[in-house]
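J.: Sequence:
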Amino acid sequence: MQLGDIFLEKVNTSLCGYLGEVVYPRGMVSLPLTMGTGTTSKTCILKFLVVDVPSAYNVILGRPTLNAFQAVISTSHMKIKFSTPGRVGEVQGDNLQSSKCYIEAIHRRQNRNSNKVHQEVPSGKKGKEAIAEEIREWVETPAKVQPAEDLLNIEVAPRRPDRTARVASQMNRKTKEEIILCL
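According to my numbering, the sequence shown is numbered sequentially starting from -18.
If you are wondering where the hints come from, they were derived from the structure by calculation, not from laboratory data.
C-beta atoms are modelled at their ideal positions from N, C-alpha and C, and glycine is treated no differently.
Restraint-style ranges between C-beta atoms, simulated for each label pair: (1) Ser64 to Arg7: 31 to 39 Å; (2) Asp131 to Glu(-10): 48 to 56 Å; (3) Leu132 to Ser(-5): 33 to 41 Å; (4) Tyr5 to Ala146: 37 to 45 Å; (5) Glu2 to Ala146: 30 to 38 Å; (6) Arg44 to Thr20: 21 to 29 Å; (7) Ser(-5) to Met59: 25 to 33 Å.
30 Å max Cα-Cα, derived DSSO-like pairs, lysine-lysine: (8) Lys28 to Lys62; (9) Lys62 to Lys23; (10) Lys23 to Lys(-9); (11) Lys60 to Lys23; (12) Lys60 to Lys28; (13) Lys(-9) to Lys28.
Generate the whole structure from the sequences, applying the supplied hints.
T.: Have a look at this one:
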């Protein structure tokens, strides 16, 4: 939008968990946001935090936006419905674009040290098939998580060696004993 820093209000806060790290916003800007079209549209002036980080998304709308529009969302239908003076307005999401953003967000998390920002995916039927295949591979490939330290196997049920729990071996003795007693 090329508004420049002159329109940014100073903000003394951070976003935690945004792309897996702490992000300090450059500032906050008030902008009009219109949902819907024609007689089923509604415009609200909203405050947006401005961040300078690579992201698959242009904007992330949260609860304050949904509350301002008195909106109801359905993630499974990719739809937002909101009240307008005349009737109920709605915004329908784009499944192909959503899938592209989802894949890009996954790649960003997996390749944080990479300079690759955008992956081109062909449009049309072949593009949808490529996206579906990539999502399927990601979902079906189990994550290989390793414990941060050695674990001790503790028998939970007497005479049932197959029923065990694992406790961190590096844990302080008192805490470890209390956990074992609970088991």
